[in-house]
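Novice: Below are the chains, spelled out letter by letter.
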Amino acid sequence: MFIKSLLIKTIMAALAASVVFVATPEQAKAEIIEQERSLYQNVYMVEEYGMHCMRFRKKNKNDLSQSCIFLDAPEIFVFDYYKQAMGVTFFIEDPKEILIIGLGGGVLANTFGEVYPDAHITSVEIDPVVAKMAKKYFGYDDSKPNFETHIRDGRVFVKRALKDDKRYDFILLDAFNSDYIPEHMMTKEYLEEVKALAKDDGIIMANTFSTSDLFHHESATYAEVFGSMYQINFKDKKTNRVIVVSKKPLPEKRELLKKANELKGKLLIYGVDTLALFDAISDEVNWDTEAEVLTDQYSPANLLK
Amino acid sequence: MQILILSCAFLCGFLIMTIELLGGKILSPYFGGSVYVWGSIITVFMLALSIGYLFGGKLSLNNPNTRKYGVIFMLAALSIVPLTMGHEAVSEWVFDVTDDPRYGSLLASTVLFLIPSIILGMVAPYSVRLLVKTAHSSGQTAGFLYFVSTLGSAGGTLATSFYLVLWFKIDHILYGSALILFTLGLIAFFFPQPPLSATVNSNEKAE
Chain S
648 MFIKSLLIKT
658 IMAALAASVV
668 FVATPEQAKA
678 EIIEQERSLY
688 QNVYMVEEYG
698 MHCMRFRKKN
708 KNDLSQSCIF
718 LDAPEIFVFD
728 YYKQAMGVTF
738 FIEDPKEILI
748 IGLGGGVLAN
758 TFGEVYPDAH
768 ITSVEIDPVV
778 AKMAKKYFGY
788 DDSKPNFETH
798 IRDGRVFVKR
808 ALKDDKRYDF
818 ILLDAFNSDY
828 IPEHMMTKEY
838 LEEVKALAKD
848 DGIIMANTFS
858 TSDLFHHESA
868 TYAEVFGSMY
878 QINFKDKKTN
888 RVIVVSKKPL
898 PEKRELLKKA
908 NELKGKLLIY
918 GVDTLALFDA
928 ISDEVNWDTE
938 AEVLTDQYSP
948 ANLLK
Chain E
28 MQILILSCAF
38 LCGFLIMTIE
48 LLGGKILSPY
58 FGGSVYVWGS
68 IITVFMLALS
78 IGYLFGGKLS
88 LNNPNTRKYG
98 VIFMLAALSI
108 VPLTMGHEAV
118 SEWVFDVTDD
128 PRYGSLLAST
138 VLFLIPSIIL
148 GMVAPYSVRL
158 LVKTAHSSGQ
168 TAGFLYFVST
178 LGSAGGTLAT
188 SFYLVLWFKI
198 DHILYGSALI
208 LFTLGLIAFF
218 FPQPPLSATV
228 NSNEKAE
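Residue numbers (the working numbering), protein chains in the order written: chain S, 648 to 952; chain E, 28 to 234.
Bear in mind the hints are in silico, worked out from the structure with no lab data behind them. Wrong hints could be hidden among the right ones.
What the hints assert, rightly or not - The list that follows gives simulated cross-link-like pairs (lysine to any residue, SDA-like), each with its CA atoms no further than 25 Å apart:
#: 1; chain 1: S; residue 1: K810; chain 2: E; residue 2: S188
#: 2; chain 1: S; residue 1: K705; chain 2: S; residue 2: F726
#: 3; chain 1: S; residue 1: K705; chain 2: S; residue 2: I828
#: 4; chain 1: S; residue 1: K813; chain 2: S; residue 2: D741
#: 5; chain 1: S; residue 1: K705; chain 2: S; residue 2: P721
#: 6; chain 1: S; residue 1: K806; chain 2: E; residue 2: V62
#: 7; chain 1: S; residue 1: K813; chain 2: S; residue 2: N793
#: 8; chain 1: S; residue 1: K842; chain 2: S; residue 2: Y763
#: 9; chain 1: S; residue 1: K806; chain 2: E; residue 2: V138
#: 10; chain 1: S; residue 1: K952; chain 2: E; residue 2: L88
#: 11; chain 1: S; residue 1: K705; chain 2: S; residue 2: F717
#: 12; chain 1: S; residue 1: K806; chain 2: E; residue 2: V124
#: 13; chain 1: S; residue 1: K806; chain 2: E; residue 2: R129
#: 14; chain 1: E; residue 1: K196; chain 2: S; residue 2: N949
#: 15; chain 1: S; residue 1: K813; chain 2: E; residue 2: A116
#: 16; chain 1: S; residue 1: K806; chain 2: E; residue 2: T184
#: 17; chain 1: S; residue 1: K810; chain 2: E; residue 2: T137
#: 18; chain 1: S; residue 1: K952; chain 2: E; residue 2: T184
Pulled out of the complex, with its shape left as it was, chain S reads as follows (with noise of 0.2 Å):
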């Protein structure tokens, strides 16, 4: 019974978010429900198509929503991005520290809060209205013993947690939005920090760019830093994709499938499929491997957007 619900549930959401994909800026009906100026931007709550999507702008485009949820089923992801950072479950066991670089609506630390119950998440966000959005209507709350919420520039956090000694099992990177890059969060002397960051075994994982001159010059950045590295992207690359990287070597990506069996149950309800999730994942080097690493003496990120 409770299957057939969730099955119900998820074929009404995923049709809700092929509707959102179809239609047209102008067929949108998209209500304001909430809107504050911050220090850094404009942060819209809307209320369109049974769901609450936080953006930086007005104008009704697909790509410009940070975070959304579904009114009716939350724990569904709306984004394939959500499901594709889910796939770091296959990297980690258990993990006791997580960081996460960049809150938005709190969707991932509401999800891993749940996938590991166990794990304290600390989470950091420039910006005190997208926290407060994220605790007023994504359910993120921060007043469990578990959760910490730290209203910072995100390099000044890692490196303030660096001379604190503080280690995270998991580190995700998920600074960015789609009309303004953080450039000393791009770089190399960045990437090297959030390594130095993570424990031994630790994961590093980050949302970032599938298209642009800039796809070149960030992975060239991760693989300088990191050597090898995985890809999660479903299909098309217009969406973004999600790098996963580590200090010590990567696992091989057959050793994988055993996870992505083990985890099918716990994150249908999140509407992800992890054996086609496996399938996204990628170690294909697919980008120009000439193109200029990204230092902090050189990092026009937004430049090469």
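On the provided structure of chain S, position chain E as indicated by the hints.
Specialist: Relative to chain S, chain E alone:
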């Protein structure tokens, strides 16, 4: 004479903004890229320029000539060298001293940028002194000089943020700026010319 001074003033205005914009890139790994980091940088530059205007004006009272003018440029160039070599160490040190990114960025900006921008600020009033022919036209001369140097600043802002950071590394842009300033200084120094208003000088002494 006029062409030399105006070119120098233009490039000085240009490079002030080049350095100021790079300041944001230099500090962001340590203090973030938020508005208060820019606030710190702009505060220090404005403060330094205001002090530089005072010093430059004062210096222009005593036997103004293009040799001294050239020395200002060479000193500015030299002051950029420790800035370029030391910005990482200074930022690192300030990061250890304070964990408030506002006062951290203010302290780091002060240590890094105060002296070079004071020296660069001396150029404008000294240029005015070298260009002024008569008291009657002094306002127009000063106005035109500000026009040229601020136009240079606009150009420097645009060129740096749109193109230079895309083409070059930060330190290379800084060394390039120092090289340009030093070259200008050498030109002014080795081709000395008296101010256009030798007479004004003697009148002032007579008073």
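Novice: Hint by hint, note whether the structure agrees.
Specialist: Right, here's what the structure says about each hint:
| no. | hint | result |
| --- | --- | --- |
| 1 | S/K810 / E/S188 | violated, 32 Å |
| 2 | S/K705 / S/F726 | holds, 20 Å |
| 3 | S/K705 / S/I828 | holds, 19 Å |
| 4 | S/K813 / S/D741 | holds, 18 Å |
| 5 | S/K705 / S/P721 | holds, 23 Å |
| 6 | S/K806 / E/V62 | holds, 20 Å |
| 7 | S/K813 / S/N793 | holds, 16 Å |
| 8 | S/K842 / S/Y763 | holds, 22 Å |
| 9 | S/K806 / E/V138 | holds, 21 Å |
| 10 | S/K952 / E/L88 | violated, 52 Å |
| 11 | S/K705 / S/F717 | holds, 20 Å |
| 12 | S/K806 / E/V124 | holds, 13 Å |
| 13 | S/K806 / E/R129 | holds, 16 Å |
| 14 | E/K196 / S/N949 | holds, 15 Å |
| 15 | S/K813 / E/A116 | holds, 23 Å |
| 16 | S/K806 / E/T184 | violated, 30 Å |
| 17 | S/K810 / E/T137 | holds, 24 Å |
| 18 | S/K952 / E/T184 | holds, 20 Å |
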